[in-house]
Each structure stands twice: as structure tokens, then as C-alpha cells.
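Enquirer: Sequence:
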Amino acid sequence: MQYIVHENPVGRAESNYIAQADLAPFDLDGQIEQLWLLPEEDGTYAVACIPFMTYGLALGDRVRLSPAARVVDVAQTSGHRALRTLLRPSMDAERLGCSISLIKNSIKESGLLSEWHGEHFVAIDVPPGTDMSPLFALLQREVDEAGAFWEWADAMPFSATQS
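According to the numbering used here, the sequence shown is numbered sequentially starting from 5.
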């Protein structure tokens, strides 16, 4: 079993709870994403990280857990979206460093939150109503010039039993 972990979750707090999302429904058999959560009074949990691999979840979404601490469904969406970008691993070190710097600066200038998984993969929180034009222009340039890839993580709804 391979675990996808969040080393620096954007919603880190004194009383976070960590649960698991099975990634098999998203064609990632044998992989589990460990999600950071904040307990809510009604027994649900608010997602306190930006999911790297789990589709259909975003920062602030409220989820229900199984007795085994697995995410089983979304109780309420937050309206946020997760944008994920993969930079080509074969990219030369200088070009990669430049790309990372440009993306980090654009995220910061846009006032967005992000989490990096290594140096090739970033998940970006997109609150409702955010103007994504500057970041989209940069990401499109990275796609065209360096073979990067980006996607919306809500491309399919979350399902613990998706086929």
C-alpha cells in the first residue's frame, strides 16, 4: 500500500484528525491519501488540506467517515475547487526551478493557498469567485513550453465505491 501524505497542510491546527481516502475508485489501486480534517460539532469533518489525488473533494468540504476512519461521502461542499498541476519530471533542473518559482509567485500574488507534493506536483485551493486569469496564463505557458499538465480535481464527484 502506498500512502500519499500532506507534509504541510494549509489547515494545520492543534486538533486535526487524519483519515484516509482509498484511491482505487480513481484508478489508483493500492494507494491511499491521508487527508487532514477538522472535527465539526455535527459529527462531520472539514477537509483541512488540498487533496493531491482524491477527486471530488476540496478544502473546507465536510465529509463523513466510516468507523475505520475512511472518507465515505461528502456531507456538504464548501464551494472551493482544487486545481492540480504536474510539472514534467524530465524537465532540466534550471527550467524546473524557474517554473516552480513562477508558479509559487503567481499563487502568492493571486492570494491563493497551495500544497506541494515533492517539487513536481502542486495542489491549489480556488475559493469561489477567484479570478484565475493570471495563473491560467502561466499554467498554459508551462503546458505549451514544458509539457506540464493541469486539471480540476472535481472532474468527477467523490465516491468511496466508484467503479
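Fair warning: there could be bad hints in the mix.
Each pair of labels, with its calculated beta carbon distance range [stated by the list, open to error]:
id : residue 1 : residue 2 : range
1  : Asp31     : Ala79     : 22 to 28 Å
2  : Asp46     : Leu106    : 40 to 46 Å
3  : Ala72     : Glu45     : 28 to 34 Å
4  : Glu113    : Tyr21     : 31 to 37 Å
5  : Thr81     : Gly151    : 29 to 35 Å
6  : Asp135    : Ala79     : 28 to 34 Å
7  : Asp148    : Glu45     : 44 to 50 Å
8  : Ala141    : Ala164    : 32 to 38 Å
9  : Arg16     : Glu155    : 37 to 43 Å
10 : Leu90     : Pro132    : 23 to 29 Å
11 : Phe153    : Ala79     : 15 to 21 Å
As a list, the in silico DMTMM-like pairs of lysine to aspartate or glutamate whose alpha-carbon atoms are at most 25 Å apart [what the hints assert, rightly or not]:
id : residue 1 : residue 2
12 : Lys112    : Glu45
13 : Lys108    : Glu123
14 : Lys112    : Asp135
Everything labelled a hint here was simulated from the structure, so no lab data went into it. Given the structure is predicted, the values throughout are model-derived calculations rather than measurements. Yeah, the Cβ is synthetic: ideal placement off N, Cα and C, and Gly gets one too.
Enquirer: Each hint should be assessed against the structure and marked as holding or not.
Expert: Verification of the hints:
Restraint check, aspartate 31 to alanine 79: a C-beta distance of roughly 25 Å satisfies the suggested window 22 to 28 Å. Distance hint check: the CB atoms of aspartate 46 and leucine 106 are about 42 Å apart, consistent with the given range 40 to 46 Å. For the pair alanine 72 and glutamate 45, the beta carbons lie near 22 Å from each other, so the given range of 28 to 34 Å is not met. Between glutamate 113 and tyrosine 21 the Cβ separation comes to about 32 Å, which falls inside the hinted range of 31 to 37 Å.
At about 32 Å, the beta-carbon gap between threonine 81 and glycine 151 stays in the expected band of 29 to 35 Å. At about 29 Å, the CB distance of aspartate 135 to alanine 79 agrees with the hint of 28 to 34 Å. Checked against the hint of 44 to 50 Å, the pair aspartate 148 and glutamate 45 passes, with Cβ atoms roughly 48 Å apart. The beta-carbon spacing between alanine 141 and alanine 164, approximately 36 Å, falls within the hinted interval of 32 to 38 Å.
Remark: the range hint 37 to 43 Å for arginine 16 to glutamate 155 is contradicted by a beta-carbon distance near 25 Å. Here the CB-CB span from leucine 90 to proline 132 is close to 25 Å, well matched to the stated 23 to 29 Å. For the pair phenylalanine 153 and alanine 79, the supplied restraint of 15 to 21 Å is violated, since their beta-carbon distance comes to about 31 Å. Using a Cα cut-off of 25 Å, the hinted pair lysine 112 and glutamate 45 is violated, with the two alpha carbons roughly 32 Å apart.
As the CA atoms of lysine 108 and glutamate 123 are separated by approximately 11 Å, the hinted pair is consistent with the 25 Å bound. With a CA separation close to 13 Å, the supplied pair lysine 112 and aspartate 135 stays within the 25 Å bound.
When the structure is compared with the earlier hints, violations turn up for hints 3, 9, 11 and 12 and for no others.
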